[in-house]
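2 protein chains.
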Amino acid sequence: MNHLFRNSWTRFVCSFNRFHFSITQNSSKFSHFSGRFEPESWRSMEGMVHCSANHVPLSPISFLDRAAKAFRDRTSVVYGSVKYTWGETHERCLRLASALTQLGISTGDVVATLAPNVPAMHELHFAVPMAGAVLCTLNTRYDSAMLSSLLTHSEAKIIFVDYQLLEIARGAFQVHEKTGAEPPLLVLISESDGPCPVDITSNTYEYESLLANGQNGFQVRRPNCEWDPISLNYTSGTTSRPKGVVYSHRGAYLNSLATVLLHGIGSMPVYLWTVPMFHCNGWCLIWGLAAQGGTNICLRKVTPKGIFDSIAKHSVTHMGGAPTVLNMIVNSPVSDQSPLPHKVEVMTGGAPPPPQIISKMEELGFGVSHLYGLTETYGPGTSCIWKPEWDSLPLDERSKLKARQGVHHLGLEEVDIRDPVTLARVPADGKTMGEIMFRGNTVMSGYLKDLKATEEAFSGGWFRSGDLAVKHPDNYIEVKDRLKDIVISGGENISTVEVETVLFGHPAVLEAAVVARPDDHWGQTPCAFVKLKEGYDHVSAQEIIKFCRDHLPHYMAPRTVIFEDLPKTSTGKTQKFILREKAKTMGSLS
Amino acid sequence: MNHLFRNSWTRFVCSFNRFHFSITQNSSKFSHFSGRFEPESWRSMEGMVHCSANHVPLSPISFLDRAAKAFRDRTSVVYGSVKYTWGETHERCLRLASALTQLGISTGDVVATLAPNVPAMHELHFAVPMAGAVLCTLNTRYDSAMLSSLLTHSEAKIIFVDYQLLEIARGAFQVHEKTGAEPPLLVLISESDGPCPVDITSNTYEYESLLANGQNGFQVRRPNCEWDPISLNYTSGTTSRPKGVVYSHRGAYLNSLATVLLHGIGSMPVYLWTVPMFHCNGWCLIWGLAAQGGTNICLRKVTPKGIFDSIAKHSVTHMGGAPTVLNMIVNSPVSDQSPLPHKVEVMTGGAPPPPQIISKMEELGFGVSHLYGLTETYGPGTSCIWKPEWDSLPLDERSKLKARQGVHHLGLEEVDIRDPVTLARVPADGKTMGEIMFRGNTVMSGYLKDLKATEEAFSGGWFRSGDLAVKHPDNYIEVKDRLKDIVISGGENISTVEVETVLFGHPAVLEAAVVARPDDHWGQTPCAFVKLKEGYDHVSAQEIIKFCRDHLPHYMAPRTVIFEDLPKTSTGKTQKFILREKAKTMGSLS
Chain A
80 MNHLFRNSWT RFVCSFNRFH FSITQNSSKF SHFSGRFEPE SWRSMEGMVH CSANHVPLSP
140 ISFLDRAAKA FRDRTSVVYG SVKYTWGETH ERCLRLASAL TQLGISTGDV VATLAPNVPA
200 MHELHFAVPM AGAVLCTLNT RYDSAMLSSL LTHSEAKIIF VDYQLLEIAR GAFQVHEKTG
260 AEPPLLVLIS ESDGPCPVDI TSNTYEYESL LANGQNGFQV RRPNCEWDPI SLNYTSGTTS
320 RPKGVVYSHR GAYLNSLATV LLHGIGSMPV YLWTVPMFHC NGWCLIWGLA AQGGTNICLR
380 KVTPKGIFDS IAKHSVTHMG GAPTVLNMIV NSPVSDQSPL PHKVEVMTGG APPPPQIISK
440 MEELGFGVSH LYGLTETYGP GTSCIWKPEW DSLPLDERSK LKARQGVHHL GLEEVDIRDP
500 VTLARVPADG KTMGEIMFRG NTVMSGYLKD LKATEEAFSG GWFRSGDLAV KHPDNYIEVK
560 DRLKDIVISG GENISTVEVE TVLFGHPAVL EAAVVARPDD HWGQTPCAFV KLKEGYDHVS
620 AQEIIKFCRD HLPHYMAPRT VIFEDLPKTS TGKTQKFILR EKAKTMGSLS
Chain B
80 MNHLFRNSWT RFVCSFNRFH FSITQNSSKF SHFSGRFEPE SWRSMEGMVH CSANHVPLSP
140 ISFLDRAAKA FRDRTSVVYG SVKYTWGETH ERCLRLASAL TQLGISTGDV VATLAPNVPA
200 MHELHFAVPM AGAVLCTLNT RYDSAMLSSL LTHSEAKIIF VDYQLLEIAR GAFQVHEKTG
260 AEPPLLVLIS ESDGPCPVDI TSNTYEYESL LANGQNGFQV RRPNCEWDPI SLNYTSGTTS
320 RPKGVVYSHR GAYLNSLATV LLHGIGSMPV YLWTVPMFHC NGWCLIWGLA AQGGTNICLR
380 KVTPKGIFDS IAKHSVTHMG GAPTVLNMIV NSPVSDQSPL PHKVEVMTGG APPPPQIISK
440 MEELGFGVSH LYGLTETYGP GTSCIWKPEW DSLPLDERSK LKARQGVHHL GLEEVDIRDP
500 VTLARVPADG KTMGEIMFRG NTVMSGYLKD LKATEEAFSG GWFRSGDLAV KHPDNYIEVK
560 DRLKDIVISG GENISTVEVE TVLFGHPAVL EAAVVARPDD HWGQTPCAFV KLKEGYDHVS
620 AQEIIKFCRD HLPHYMAPRT VIFEDLPKTS TGKTQKFILR EKAKTMGSLS
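Residue numbers (this note's numbering), protein chains in the order written: chain A, 80 to 669; chain B, 80 to 669.
In isolation and in its complexed conformation, chain A is listed as follows (with noise of 0.2 Å):
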């Protein structure tokens, strides 16, 4: 047989000069015809071409050039009393661009921010790639010396600043001049809607200034390749040193369009954003909010009463938080809610969470969707797809189905449970555990200039979580813990993830971690941190530790409850390895 489409890269390399050729001699005002070729293992075949008309690196910076086309008038940004159209953004982000390379920013140079979710963060996420740049959104809650540690990694060349944090930027430069390095510049982002509540020295830039210098007919700097890197995200450093990780034009374009999908966005949402802008590029919404036409809320400051508040007054459709954030609404006082005006999506994830805080959040009208993923796979990765068929299962059971991960998304290629030693496949059984492994088009290039760590995080060409799960027969999957966190007790895994979900059923608890503790004898034993409710002061130990034996087998319940508020990163996880620390100071329980 004949193959008729076959290898032929020297028949495409000739049929596109040909194509040059003739356009050059049918016309010359179509010079501008511009065109390319892989030279890898195209599978061409005569009559195909390669070429602008039906080739464009993908990248979401097409998305925010669409909306001001097909959702012009239409508003893109509340904060306050500031309020954009997506027309009004398009132009600010043209500017913004522009002004960036007035001041020197080349192709591949790094910008970081330091700023909550404000409208700069998000014109940021268009402009900065727009003027060929990559930009590194920085975790608010880092001190001047991790600020400087990473701005020096980083090698960003400007730094914007919420005027907020100032001072913790400015102590990063001092840092900086210490060591001799030179500092970033810097470009304060002020509240445009009041004065500016800082002398702006000669070193410094002002926001509203700088854009109002550029160009609208900026000419955009596509990226050449989809592969080129469009952002860099510093992991949160529950167990480690912040690695940066970066994100492509590809994979963030496709992963904004799988997370759209997996939460259900259609044309037009109304975003209350309750997810920091600066942990995973918002778990890549900044830019699916664009593609579908949204209208983004930004709060400077995440309480309840903010977002009862806000859902009230925007007709919020969608947002987005933490477990942590969560739990924060369901134990607000009623004060500060209010009624929903319809069922509001919130996309829950970051960490598993309890049944017992789904229950209430959709007693409350919220519908909730369940998501998992880790920086490294641009946020979101699977997704807790809810199926019609146990809408009549009860509220508890309901509500275990939907604390399960899920199954992996439309940009990804496959999520698997294996060994991780052996890379064998888990039976889907929903007992045997194993690390969760990605793979596919919305996992990272890789950790900047750690190319030892990307090699460990790739090794055996999948990406390996460091989350350990399960998978049930419905394909569905299940973390139990981080590999790091799992107590090993008599040579019994405990999932502390299963503890914490019994902890989360006692009705004083508020908050709860459980971390291994030595053990002479059983080498480990649960260790529980609990943080109680108000006005539950009275529950001993002993009480949460029979409520534990109770309702789990009896090796499982923790053998130590200590009573304390819960160290957390920004992004709202626990950080148990401080716990871990202390578990370990109070020595050996038997």
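Calculated from the structure, these hints are not laboratory results. Hints are not guaranteed to be accurate.
Since the list can't tell identical chains apart, any single copy or any two copies may satisfy a pair.
[As the list claims (entries may be wrong)] Heads up, simulated EDC-like pairs for lysine to aspartate or glutamate below, C-alpha to C-alpha not over 16 Å straight-line:
{"no.": "1", "residue 1": "Lys479", "residue 2": "Asp553"}
{"no.": "2", "residue 1": "Lys466", "residue 2": "Asp152"}
{"no.": "3", "residue 1": "Lys661", "residue 2": "Glu643"}
{"no.": "4", "residue 1": "Lys563", "residue 2": "Asp388"}
{"no.": "5", "residue 1": "Lys481", "residue 2": "Asp470"}
{"no.": "6", "residue 1": "Lys661", "residue 2": "Glu234"}
{"no.": "7", "residue 1": "Lys148", "residue 2": "Glu493"}
{"no.": "8", "residue 1": "Lys148", "residue 2": "Asp553"}
{"no.": "9", "residue 1": "Lys531", "residue 2": "Glu125"}
With chain A held as given, fit chain B onto it using these hints.
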């Protein structure tokens, strides 16, 4: 300034080699790690790698693999008493792909079909590319001569033929034999739940028996490169000999998701197949529904009664259809209609839908969304995104707004209206006509074996649609005519679409098409071909002309009206070239 992210192809190759090395060093178990790199202008940097963990060529066959996990026990296909789950469909497609390779199909071979919307057509959309081959779905209305010609042109190795179309195929084989060419292998699709209606000769295979011989554990032949061809779609041939439009795996993946988003197809929809699956691969929705875990309701024959019955029986949520299908629904006898159980979303396109038909569909309880595209754009390319602020307008104004073709979808980069000669952008004034031009990843790879036609279609770096349109001040485009259909009378352009819209407003008109008639004085004048509704035989040409003069500038009203049935393509498009010939033979009017 140093550029942190710079072109570093050499550096990447180095780090890539180091990666392999370190994997091999660490553990021989990880030897199946596989990777590739892009020797084009990827802007890599230290720590970034490009390997099987973070790159998979985009292909819609991934959707089936995911559906088999995420939606395993949910219904994939219903056809009469035949019913499959996604788990079963996945297994059947693996077996079918395996069987194709057993028949000698190699990567890049073409596999053709000649069949209506039956389950085999659904399965072949996955199984053929899973065998590494290219799917060519032929129009079921072709005669034997055309079929023979396209089988020769496509070099199809196998053709799958529905039992009701067997004689057409045999006729084509006889034409083949006369020319001495070897015909393709024939696989007969019989009705699965009945006896095989024809004798199977030794040169012919039967679908179910073939599939049963395939292996479930077949190793899918994924594309090496996402620009590899996945399907070959011949244009409907309204104006010329059908051209073979080549789709890529990448384009098919992106258009599937873009179409799902533009039609608002949520998770687990129920889709009624009234659009032919052979037409643009069912507007890419065969793949799109696998992405969303939908149920495909297959119909051999599309009738109003069949549509209403299927909606009621299967709780259909979405369907599609050319304006002719909508026309058939709104003009069906009341006895064939039944009340809708809920709003059914209908996506219409393929020709400009008359506003009156949209209004009547909405009165019946359908929600109509309007899209526009061509075979060359994988089907849908733009959609008339509906703005909530239009809800309060009167029905006829709403229908006029909705009859516009709208804005480009998320898979494309840009759709613009430009002067076909100078490529200058027309003003967004709703009046100035220009040619609709497309640019982006969901534009075809080219016309098979017709580089000249590909070059013409892509001249200037845009895909030239051959359609004339205006751009409204809100950036929505509106098709006015085919470039070849427009009537030029006394130097004035007359949009035949506008005249047809007025004709549809006359209560007696069922179908209408306007073409140019040569005229010694005016050059051309509009000539209307009209099919009247039953019971309206008394209506005269003069009455129709007067009606048009009352609703249009005088020069735009037809000067001739001819009552007759309109010639159509199988996708419901009127074959205006036939009418134009007819109008020519009538000679000049003056």
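Hints the structure violates: just list their numbers, smallest first. Violated: hints 4 and 6.
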